[in-house]
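**Q** Read top to bottom, the protein sequences are chains A and B.
Heads up: the first sequence is residues 1 to 566, going by the working numbering.
Heads up: the second sequence is residues 1 to 340, going by the working numbering.
Careful, some of the hints might be misleading.
As the list claims (entries may be wrong) - Derived Cβ-Cβ restraints for the label pairs, each shown as a range:
#1 W140(A) to D312(B): 52 to 58 Å
#2 K159(B) to T156(A): 41 to 47 Å
#3 L547(A) to K159(B): 58 to 64 Å
#4 Y342(A) to K159(B): 48 to 54 Å
#5 P156(B) to A312(A): 46 to 52 Å
#6 K45(B) to L411(A): 48 to 54 Å
These aren't lab readings, by the way, just hints derived from the structure by calculation.
For clarity, every value in this text was computed on a predicted model and none was experimentally measured.
All C-beta atoms in this analysis are idealised placements derived from N, C-alpha and C, irrespective of residue type, glycine included.
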Amino acid sequence: MSTIDVKAHAGSVPTPDLTAQRSAWRLPVSTVAVVLLCLPALVPLAAIVVAALSPETEIWQHLANYILPEVIRNTLLLTFGVALLAGSIGTALAWLTAMCEFPGRRFFEWALLLPLAIPAYVLAFVAVGFLDFSGPLQTWIRAATGSSSWFPAIRTGGGAIFVLSLATYPYVYLLARSAFLTQGRRALEAAQSLGLGRAAATWRVALPMARPWIAAGVALICMETLADFGAVSVFNYNTFTTAIYRAWAGMFSVNAALELAGVLMVFVLVVLAVERKSRAVARFSSSRDTSRDAPRLALQGAARALAFAGCAIVFLLAFALPFTQLLLWMLKHMGRDLDARYFGFAARSLLLAAAAAVVIVAASVLLAYVLRRKETRFTRWVIRTATMGYAIPGTVLAIGIVVPVISLNNLLQGWLRDWFGNGAPTLMLHGTLVTVLAAYLARFLAAGFNPIESGLQRITHNIDEAAIGLGVVGRQLVRRVHLPLLKTSLTTAATLVFVDVMKEMPITLITRPVGWETLATRVFEMTSEGDWERAALPAVVIVLAGLIPVALLTRQSSNLGGSNVA
Amino acid sequence: MLSLGTLRAVAILAVAIAASVLVGGCTQRTEGVLVYSARNEQLIKPLFDLYTQQTGIPVRFVTDDAGPLIERLGAEGADTTADVLMTVDAGELWYAAERDLLKPIDSPILKANIPEHFRDPGNRWFGLSVRARTIVYSTERVKPEDLSTYEALADPRWKGKVCLRTSKKVYNQSLVAMLISEHGEQQTETIVRGWVNNLATNVFSNDVLLMEAIAAGQCDVGIVNTYYFGRLLRDQPELPVRLFWPDQQGQGVHVNISGAGVTKYSRHEAAATKLLEWLSEPKAQALFAGENMEYPANPAIKADPAVLAWGDFKHSEKNIAQAGALQADAVRLMDRVGYK
Numbered sequence: 001m002s003t004i005d006v007k008a009h010a011g012s013v014p015t016p017d018l019t020a021q022r023s024a025w026r027l028p029v030s031t032v033a034v035v036l037l038c039l040p041a042l043v044p045l046a047a048i049v050v051a052a053l054s055p056e057t058e059i060w061q062h063l064a065n066y067i068l069p070e071v072i073r074n075t076l077l078l079t080f081g082v083a084l085l086a087g088s089i090g091t092a093l094a095w096l097t098a099m100c101e102f103p104g105r106r107f108f109e110w111a112l113l114l115p116l117a118i119p120a121y122v123l124a125f126v127a128v129g130f131l132d133f134s135g136p137l138q139t140w141i142r143a144a145t146g147s148s149s150w151f152p153a154i155r156t157g158g159g160a161i162f163v164l165s166l167a168t169y170p171y172v173y174l175l176a177r178s179a180f181l182t183q184g185r186r187a188l189e190a191a192q193s194l195g196l197g198r199a200a201a202t203w204r205v206a207l208p209m210a211r212p213w214i215a216a217g218v219a220l221i222c223m224e225t226l227a228d229f230g231a232v233s234v235f236n237y238n239t240f241t242t243a244i245y246r247a248w249a250g251m252f253s254v255n256a257a258l259e260l261a262g263v264l265m266v267f268v269l270v271v272l273a274v275e276r277k278s279r280a281v282a283r284f285s286s287s288r289d290t291s292r293d294a295p296r297l298a299l300q301g302a303a304r305a306l307a308f309a310g311c312a313i314v315f316l317l318a319f320a321l322p323f324t325q326l327l328l329w330m331l332k333h334m335g336r337d338l339d340a341r342y343f344g345f346a347a348r349s350l351l352l353a354a355a356a357a358v359v360i361v362a363a364s365v366l367l368a369y370v371l372r373r374k375e376t377r378f379t380r381w382v383i384r385t386a387t388m389g390y391a392i393p394g395t396v397l398a399i400g401i402v403v404p405v406i407s408l409n410n411l412l413q414g415w416l417r418d419w420f421g422n423g424a425p426t427l428m429l430h431g432t433l434v435t436v437l438a439a440y441l442a443r444f445l446a447a448g449f450n451p452i453e454s455g456l457q458r459i460t461h462n463i464d465e466a467a468i469g470l471g472v473v474g475r476q477l478v479r480r481v482h483l484p485l486l487k488t489s490l491t492t493a494a495t496l497v498f499v500d501v502m503k504e505m506p507i508t509l510i511t512r513p514v515g516w517e518t519l520a521t522r523v524f525e526m527t528s529e530g531d532w533e534r535a536a537l538p539a540v541v542i543v544l545a546g547l548i549p550v551a552l553l554t555r556q557s558s559n560l561g562g563s564n565v566a
Numbered sequence: 001m002l003s004l005g006t007l008r009a010v011a012i013l014a015v016a017i018a019a020s021v022l023v024g025g026c027t028q029r030t031e032g033v034l035v036y037s038a039r040n041e042q043l044i045k046p047l048f049d050l051y052t053q054q055t056g057i058p059v060r061f062v063t064d065d066a067g068p069l070i071e072r073l074g075a076e077g078a079d080t081t082a083d084v085l086m087t088v089d090a091g092e093l094w095y096a097a098e099r100d101l102l103k104p105i106d107s108p109i110l111k112a113n114i115p116e117h118f119r120d121p122g123n124r125w126f127g128l129s130v131r132a133r134t135i136v137y138s139t140e141r142v143k144p145e146d147l148s149t150y151e152a153l154a155d156p157r158w159k160g161k162v163c164l165r166t167s168k169k170v171y172n173q174s175l176v177a178m179l180i181s182e183h184g185e186q187q188t189e190t191i192v193r194g195w196v197n198n199l200a201t202n203v204f205s206n207d208v209l210l211m212e213a214i215a216a217g218q219c220d221v222g223i224v225n226t227y228y229f230g231r232l233l234r235d236q237p238e239l240p241v242r243l244f245w246p247d248q249q250g251q252g253v254h255v256n257i258s259g260a261g262v263t264k265y266s267r268h269e270a271a272a273t274k275l276l277e278w279l280s281e282p283k284a285q286a287l288f289a290g291e292n293m294e295y296p297a298n299p300a301i302k303a304d305p306a307v308l309a310w311g312d313f314k315h316s317e318k319n320i321a322q323a324g325a326l327q328a329d330a331v332r333l334m335d336r337v338g339y340k
């Protein structure tokens, strides 16, 4: 039926000639746009690939003998462990807060997002300080019972998986939650009315329908884990990122470091391939309306208590306890460190984060639409590659983007000197905000693109066809049909990027203009010589600033799914 | 439709980029000195402020880890606006000099103020403060008489009693590099393997955690930088952990430097040199080291009283440039013996 509508509509376009003309130049334009938008992300990756083409044989021999076996094993174990644990925590919590009713649900709904604002390395440091042999917990156990030797060692792979899972589960929580909210409890009800039990309905209907979102979230988690340097170094758990650092800082071989990053990219490709595969199986439909009026499952008895306890434990471990520790440290040093400059630090952090969120979300929307309308093997490949920056260690990516920009700068500087002689102004392209934003795009495109693409994917072509049938086409279709349906995805993407940028260190450090200190660079100043307690002040401000988008997001999502009556 | 929108967006973006590049990218030729610093802001800013106050010469700085700063300097080449590179480790300065990013400075003042073993033999960088990497022990379980040298910690009598920080930290890489320069690679490998065999627990990510582990009884001895000890004791004076100065009959305590050099393409060579000279003079030396409980590089200046209270010691006078030259070898050696 709908096909007829489309044909009928196509027939009503004034001149077929014009259409033909348009589509003739539309393809290259979209391709060019894709390449241009992805360029900042492609350049550092190209640098890595080029380095990999001239291997440092002698260092590689050493790496292959002593380093690679361990880091490959550890990286796989860590990524798999975190994906599994964080993915389960995130999905379970999202299902509870989106579909069920239990005491504290309204609070946990937004509170469970808060860990997003705590940098993983801060969580790691607090966890090690608290749970290690000399920490207060084991000291107390020893005082009470005489021995704490049964206590699991925290500075191990298990500890790293535990902490990274607590730090990253909000990615899945956020995405899966919007999936559950938008797909509706109606579907679940329908399944139940067809004779499926509640558990079976969840497994066979709700989860599969949310799959593209969960997959997108788990992919983000995997990439975040692959790129993590700060947290794994606190645990001294050797992964690819620590090996990269060792080759660079320890053996003074930038090339070997880039080559290791090249190997890391292979891991990323696997993650991306798995994600795509898990999405491509079915076409997903979404209809927000159905979710509106279906009531939440009111949990009873043990289930009620368990739901509350689960949410509370995760909230305590991932946010309340570490944040309390940060506050205590902050109070200890605030007298010395807090001054008027903090307004500037906070303002610059907010500005960078907001600007990056706008730029990256805009770019992601454009890219996602190009894929929707004009997907070619080439554009898909370019975009996929461009999102890989999320899995490359920040320092490597920072160098990968700054060095080419500096080369460009020097080239232009040479021209300027030719024109103006010695009075030529000094160019500092790499010290401009444009470079900062381009580098953030390279780093965080995945955080913006993944939620938006999975959101757009759930607006099926049936919906488009129905709208077209009603005469809603083109920009109208985007504005009146897509935009309202995409709102959650857009906010999700913007929040992820915003919070990620607030926490980001290496790129900000190397690309910021002289004197442009932010909250994250303050954290760096303190932690680089191990003064973690003094780093608490900027870290707390980062968390507080991270509350802004979380609050916006909560307001929006409760408008969306929280109203059982409306 | 979409493509038009795309086109428009791309055009707007392009114009915006071009405009902001033109506006933001052209900086005025500034007077004063620009420092690329791996030393923390809170440790350098008070000094630079004082310098500006005394001389009227503004000092600006960019902080980051040494690795990215050196790569940036290398990429900027002759067009760099940086005048000084400052790091917290001799190996990094050695590497920058090796990459030909620093300029030899012939300054009688620096030569007079900074001992020969704390500066580059080619005068491309100069130590400004000294950090000793020494042994710490539990006062409850170890008698200082039982301690002697770094090497002795490899003895099986310390089995299960040693705590070490990760070999990823440059301070340990420098220590092992200096051991190589003293004992040769083979003997050093035996020593470091002995340390690893004696470990009580996985290596630590920082010195403070390590000292807390000694205090809590997880292990008895370890190796740390003195200023971390100073910082910890300032907070918890009662902690049952003390410093021991090893190798007093031999080479002496391993020391490293935080130092600086003038960049090869500095456009303010005279001002940059003057800044380094000023930093090597008594007043600045006391501040520079005192801010972080380090030892002044200028031997004419006494350390902070709190630091002096740890006692006098003999330090190794091998040229610290060796730490850089042998660092990569040290890293490989540590990999071979499984020192994580």
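**Q** Each of the hints needs a verdict: does it hold here or not?
**A** Do the hints match the structure? See the list:
1. Checked against the given bound of 52 to 58 Å, the beta carbons of W140(A) and D312(B), roughly 40 Å apart, lie outside it.
2. Checked against the hint of 41 to 47 Å, the pair K159(B) and T156(A) fails, with Cβ atoms roughly 21 Å apart.
3. Distance hint check: the CB atoms of L547(A) and K159(B) are about 50 Å apart, inconsistent with the given range 58 to 64 Å.
4. Between Y342(A) and K159(B) the beta carbons are some 49 Å apart, a value that agrees with the proposed interval 48 to 54 Å.
5. A beta carbon spacing of about 49 Å between P156(B) and A312(A) agrees with the range 46 to 52 Å that was offered as a hint.
6. Between K45(B) and L411(A) the beta carbon distance is about 34 Å. The supplied range of 48 to 54 Å is therefore violated.
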